[in-house]
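**Q** Sequence:
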Amino acid sequence: MSRLTVEVEATDGAARAGRVVTPRGSFPVPCFMPVGTRGAVKALDTADLEALGAPVVLANTYHLMLRPGADVVRSLGGLHRFIGGWDGHLLTDSGGFQVFSLQPDVDDGGATFRSTYDGSRHRLTPERAVEVQADIGADIQMVLDVCPGLPAPDAVVRDAVERTSRWADRARAAFVAGSEARLDRGLDQAQFGIVQGGVDAGLRADHARRTAALGFDGYAVGGLSVGESRGDMLPALGAALEHLPVDQPRYLMGVGDPVGIVEAVALGIDLFDCVLPTRLARHGTMLTDTGRVNLRNARWARDAGPVDDTCPCPTCARWSKGYLRHLLSVGEPTAARLLTVHNLSWLLRLVERTRQAVRHGNLANLRADVLAVWG
146 MSRLTVEVEA
156 TDGAARAGRV
166 VTPRGSFPVP
176 CFMPVGTRGA
186 VKALDTADLE
196 ALGAPVVLAN
206 TYHLMLRPGA
216 DVVRSLGGLH
226 RFIGGWDGHL
236 LTDSGGFQVF
246 SLQPDVDDGG
256 ATFRSTYDGS
266 RHRLTPERAV
276 EVQADIGADI
286 QMVLDVCPGL
296 PAPDAVVRDA
306 VERTSRWADR
316 ARAAFVAGSE
326 ARLDRGLDQA
336 QFGIVQGGVD
346 AGLRADHARR
356 TAALGFDGYA
366 VGGLSVGESR
376 GDMLPALGAA
386 LEHLPVDQPR
396 YLMGVGDPVG
406 IVEAVALGID
416 LFDCVLPTRL
426 ARHGTMLTDT
436 GRVNLRNARW
446 ARDAGPVDDT
456 CPCPTCARWS
466 KGYLRHLLSV
476 GEPTAARLLT
486 VHNLSWLLRL
496 VERTRQAVRH
506 GNLANLRADV
516 LAVWG
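In case it helps, my numbering puts the sequence shown at residues 146 to 520.
Hints are computed from structural coordinates only; laboratory data are not their basis.
The following label-pair restraints were derived from C-beta to C-beta distances:
1) N442 <-> V251: 42 to 48 Å
2) E387 <-> D253: 25 to 31 Å
3) E154 <-> A443: 46 to 52 Å
4) G230 <-> R327: 16 to 22 Å
5) G372 <-> S265: 26 to 32 Å
6) D216 <-> A446: 46 to 52 Å
Computed from a predicted structure; not experimentally measured.
Ideal Cβ positions, reconstructed from N, Cα and C, are used throughout, including at glycine.
Please build the complete structure, drawing on both the sequences and the hints.
**A** Structure follows, in structure tokens:
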């Protein structure tokens, strides 16, 4: 029996709004997960995330296993306690995306790579990824997969699917075998499988069926938004979703742009993560209802208005564009925090608007509004 279920409260076509029920409690869907790569969302702390109302935060296994080490996180009470008593949900990726960006030595057993911190050699296997993420102790862990960049030759994509399938089988077996030991130390963790297949709709559908047959607690669609066009991405995503269980969470990895979110929600996606809003903020680009605003532009130097007149976030409630531009221009670290608060607040509110649009049966109207500004 799955540790996670989706309680669907409303639908609008394939889109759904409701809650994911977990051993910890529940969280609303659709849901955007801010990315806390090394155990912190850049420029923010746990209290900031609580104030923003972020239901789930993603952390990066690759970085945490190397610094400070998964054993250290476990010895300090697990990730929730380690990051300051976070009461919300946490998800860790497997570390595979980062490892494969380092041109590792890969075989059927796993991947061998060098640390970007000190050059030391490490080995990550499907079983080791399960073990490390259990030590870190998030609510949800991901399987180790192979994510080829796109475009890629068909043979490369098919090889990635086959290896991901073999690794998923091993990861699921290792996870199930370790369930009792995790429960003995109070960790009731869930595991998500990952569907690959590039932009080949048939391959995506086939891999979704094979992944669903392994009986995971939830399912992610990976390997999209890695260089392909939106016109190629959406049919591949839709093909995968047709073959994933409707009563379990469905997660689109690495997508967090406004158009991508509303389009994927319309297809039935529940969860998203992306570094986009926080990265843009640190470089002075604000997300607003009228599009992007580049605060480095000199036109804002004497502007007394907020970043977005319609935004209720603390940044827009108190500080002007002129002041925020000044902080950016002089390299004041406070700028990163204030601008990140705004961008995450804006994106979390967009996702809340998608939930409400689904509940009221007018997602098509919201989708048209978002496309008009961001398309």
